[in-house]
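First to last, the sequence lines map onto chains P and U.
If you count the first sequence from 1, position 14 lands on 14 in the numbering used here, and the numbers rise without skipping.
If you count the second sequence from 1, position 74 lands on 74 in the numbering used here, and the numbers rise without skipping.
Treat the hints loosely; a few may be bogus.
As the list claims (entries may be wrong) - Quick list of simulated restraints, FRET-style, between CB atoms: (1) U:Thr20 with P:Ser53: 21 to 27 Å; (2) U:Ile109 with P:Lys57: 35 to 41 Å; (3) P:Gln83 with U:Ala1: 39 to 45 Å; (4) P:Arg81 with U:His111: 41 to 47 Å.
Don't read these hints as lab results, they were simulated from the structure.
Note that CB positions come from ideal geometry on N, CA and C, so glycine has one too.
Chain residues, written in single-letter form:
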Amino acid sequence: GAGVSQSPSNKVTEKGKDVELRCDPISGHTALYWYRQSLGQGLEFLIYFQGNSAPDKSGLPSDRFSAERTGGSVSTLTIQRTQQEDSAVYLCASSSSRLAGGNEQFFGPGTRLTVL
Amino acid sequence: AQSVAQPEDQVNVAEGNPLTVKCTYSVSGNPYLFWYVQYPNRGLQFLLKYITGDNLVKGSYGFEAEFNKSQTSFHLKKPSALVSDSALYFCAVRGGSYIPTFGRGTSLIVHP
C-alpha cells in the first residue's frame with residue numbers, strides 16, 4: 001500500500017522567501033508529526049497533530065513556522081521569511097492510534113530544504 | 001520528561017561479526033521503545049518495538065533488541081552483520097507523551 005509521501009523532495013529558496021512543504025500521511029492514520037533533521041543531527045520534533053484535537057506546537061522553533069492539517073489528512077508546513085539556518089531535511093511521519101503510545105511511526109522520504 | 005541516549009556516534013564491525021548498537025532511556029512510567037533505521041537520503045524505517053511482554057524483541061532484517069528494565073536499556077543486536085546493514089540507527093522512547101523522543105543516532109559501518 002501507499003506509504004507517507006512528501007513534496008517537493010528538494011526545495012532551494014532564497015533567504016526571506018516563504019516555503020510550503022506538503023505531507024500525505026497513510027490513509028486512516030490519525031496522528032501526524034513533523035520533524036527537522038539537520039546534517040549530522042538527530043530528529044528535532046516540530047509539531048504533532050492527533051485527529052481533530054488542537055495540535056501540539058511545542059517544538060516549533062519560531063513564529064515563522066506554522067503547520068495545518070486539513071480534513072484530518074494532508075498537512076502543510078509553512079516557513080515564512082526563510083533563514084539560512086532553516087536549511088535541513090524536513091520529515092513527516094504518521095501513525096495509527098490503535099495501541100495508544102505503542103504505535104510505530106511511518107516516515108516519508110523527507111523534503112531537503114536549502115536556503116541560499 | 002523523557003530522554004534517550006545513544007552513547008556511540010559510530011560503531012564499526014566486520015561483516016559476519018555480531019553487532020550491538022546501544023540505547024539507554026529515561027521515562028516516567030512504562031516505556032514504549034522503538035528502533036528505526038535510516039539509509040542515505042531516505043526517511044526512517046521502523047525496525048522493531050517493545051511495548052510489553054517478552055524482553056527479547058525480534059524485528060526486521062534479523063535484528064533484535066533486549067529490554068532491560070533494571071539498566072533502562074534497549075540495545076539493538078544482530079548475530080551476523082552484513083555490509084548492507086550500514087546505515088544510521090535511531091532509538092526512540094515514549095512514556096506518557098504521544099510524542100516520542102529520539103536519540104541522536106548511531107552510524108553503523110560494516111566493513112567487508
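Results for each hint:
1. U:Thr20 with P:Ser53: 21 to 27 Å: Distance hint for threonine 20 of chain U, serine 53 of chain P is violated at roughly 39 Å.
2. U:Ile109 with P:Lys57: 35 to 41 Å: For lysine 57 of chain P against isoleucine 109 of chain U, whose Cβ atoms are near 37 Å apart, the range 35 to 41 Å holds.
3. P:Gln83 with U:Ala1: 39 to 45 Å: 29 Å, violated
4. P:Arg81 with U:His111: 41 to 47 Å: 46 Å, holds
When held up to the earlier numbered hints, the structure conflicts with 1, 3 and fits the remainder.
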